[in-house]
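Engineer: Make the full structure from the sequences, and use the hints.
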Amino acid sequence: MAAAQDPDARLMLRVKRGDVAAFEELVEKYKQPVINMIYRTLPDATEAEDLAQNVFIQVYKSAHRYKASAKFSTWLFTIARNLCLNEIRRRSRHPAESLDLPHPEHEHEPKRQFEDVRQAGPDTQLLRGELEGKVDEAIRALPENQRIAILLCRQEDVAYEEICEILGCSLSATKSLIHRARETLKLRLKPYLRTGWWNDAQS
Amino acid sequence: MNESDYNGLVERLARSPLAPKELASVREYLAQNPERTVDWELECELDRILRGLPDAPLSSNFTARVLSQVQRTEEKERTERRRHVLSRVVGWLGSPAHAWQMGVAMLMLTVGLVVHHQYRMVNRSLLAHNVAAVSDLTAGKNLQLWQDFRCIYYIAKLPEASPAEDDDLLNALKD
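Here the protein sequences come in this chain order: A and B. For the first sequence, position 189 (counting from the first letter as 1) is numbered 189 according to the numbering used here, and the numbering increases by one without interruption. For the second sequence, position 12 (counting from the first letter as 1) is numbered 1012 according to the numbering used here, and the numbering increases by one without interruption.
Honestly, the hints are just simulated from the structure, not real lab data. Only a predicted model underlies this, so the values are computations on that prediction, with no experimental measurement involved. Misleading hints may appear alongside valid ones.
Claimed, not checked - Facing chain B, according to a computed beta carbon distance under 10 Å, are these residues of chain A, among others:
#, residue
1, Glu-28
2, Lys-31
3, Gln-32
4, Asn-36
5, Tyr-60
6, Ile-150
7, Glu-165
8, Ile-178
9, Arg-180
10, Arg-194
Think of the CB as a built atom: it goes at the ideal place given N, C-alpha and C, for glycine as much as any other residue.
Structural biologist: Written out as structure tokens, the structure reads:
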């Protein structure tokens, strides 16, 4: 989709002119995709949410520099990726801090309100939780670019060309990253992947 | 279907589910290459798991928190800008050379204002005097008097005279 036809780019141009309602609309639309990408990079939900928050604050602060030369989502996910990488590098240089201490900058913010979305029975929940835990672990263990590539690949409305731009790679390099990530995940998750069903399904 | 086409479909599977026609092509390919069946199943299973990954937990007031933080950031930046401008002005005034220049400028401005005010006061006084002089002439009944500015000028210089004497003077000037 040409940037000029991107409704989100038009919203962002309104944000550039100081329209807070347009910014709120963008946050509502992209908050889940952004945190889906970040959550499987950082091990903690609270920290992932803080980083997701910083992504949007960075978007707002950079609004005056925004140009609708590409899709808004490309720009947004590029910021998210860069902040993820910065955070990973920061952690590798500094020891882990306590997660229980409130951050001084966030003392005045409204407290977090999490909804309880669990609906399955306890057994199913346990199995599902175990598999999800293994999948999350396997994804987090991937190299950075492979992880980001495969997480962006999950989102059907993000084209390969966009993923290339976000990662700063060529199309063939991006496809190679996704392929290698999938091969690694298949290897790690093999005990949990069901086989022998294809021929049964076809008969 | 050859291996390249098969690999293309495996790559497509990572983005979106395959159409029935495409699945039929895969079926044919696997019938001829049964050793690829397990790999195909692993791809499908991985795809199913990745698609089924739940959304990350997100607080219900996330947007409100972002807007609140944005507002605080803006206020902080405004305060910083004001502080910066104030410190620059104070720094500039604090310099002896700048203070002397500012003093001279203020003095000149004050003198200018006073002179202008005086000029306006004098002008107004002169105007009032002239209006008073003209209003004295309106006591005369002869309207012809107002058609000749020379008459008005000379009559204004004369001491106060009776209307009869003014008529005599007017006739004399006409001659």
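Engineer: So, for every hint listed, does it hold in this structure?
Structural biologist: Hint check results:
Look at Glu-28(A): its Cβ gets to within about 6 Å of chain B, closer than 10 Å, so that hint holds up. Of the supplied interface hints, the one on Lys-31(A) holds, with its beta-carbon coming within about 5 Å of a beta-carbon of chain B, less than 10 Å. The interface hint given for Gln-32(A) is met, as the beta carbon of that residue sits about 5 Å from the closest beta carbon of chain B, less than 10 Å. Interface hint at Asn-36(A): satisfied, since its Cβ lies 5 Å from the closest Cβ of chain B, which is below the 10 Å cut-off.
For Tyr-60(A), the interface hint holds, the least distance from its beta-carbon to any beta-carbon of chain B being 5 Å, beneath 10 Å. Hint on Ile-150(A) holds. Least Cβ distance to chain B is approximately 7 Å, under the 10 Å limit. For the restraint placing Glu-165(A) at the interface with chain B, the shortest Cβ-Cβ distance is roughly 17 Å, beyond the 10 Å limit, so the hint is violated. Annotation: Ile-178(A) was flagged as interfacial toward chain B, and the flag holds, the nearest CB pair being 6 Å apart, inside 10 Å.
With a least beta-carbon distance of about 12 Å to chain B, the hint placing Arg-180(A) at the interface is violated under the 10 Å criterion. Hint status for Arg-194(A): holds, given a least beta-carbon distance of 5 Å to chain B, under 10 Å.
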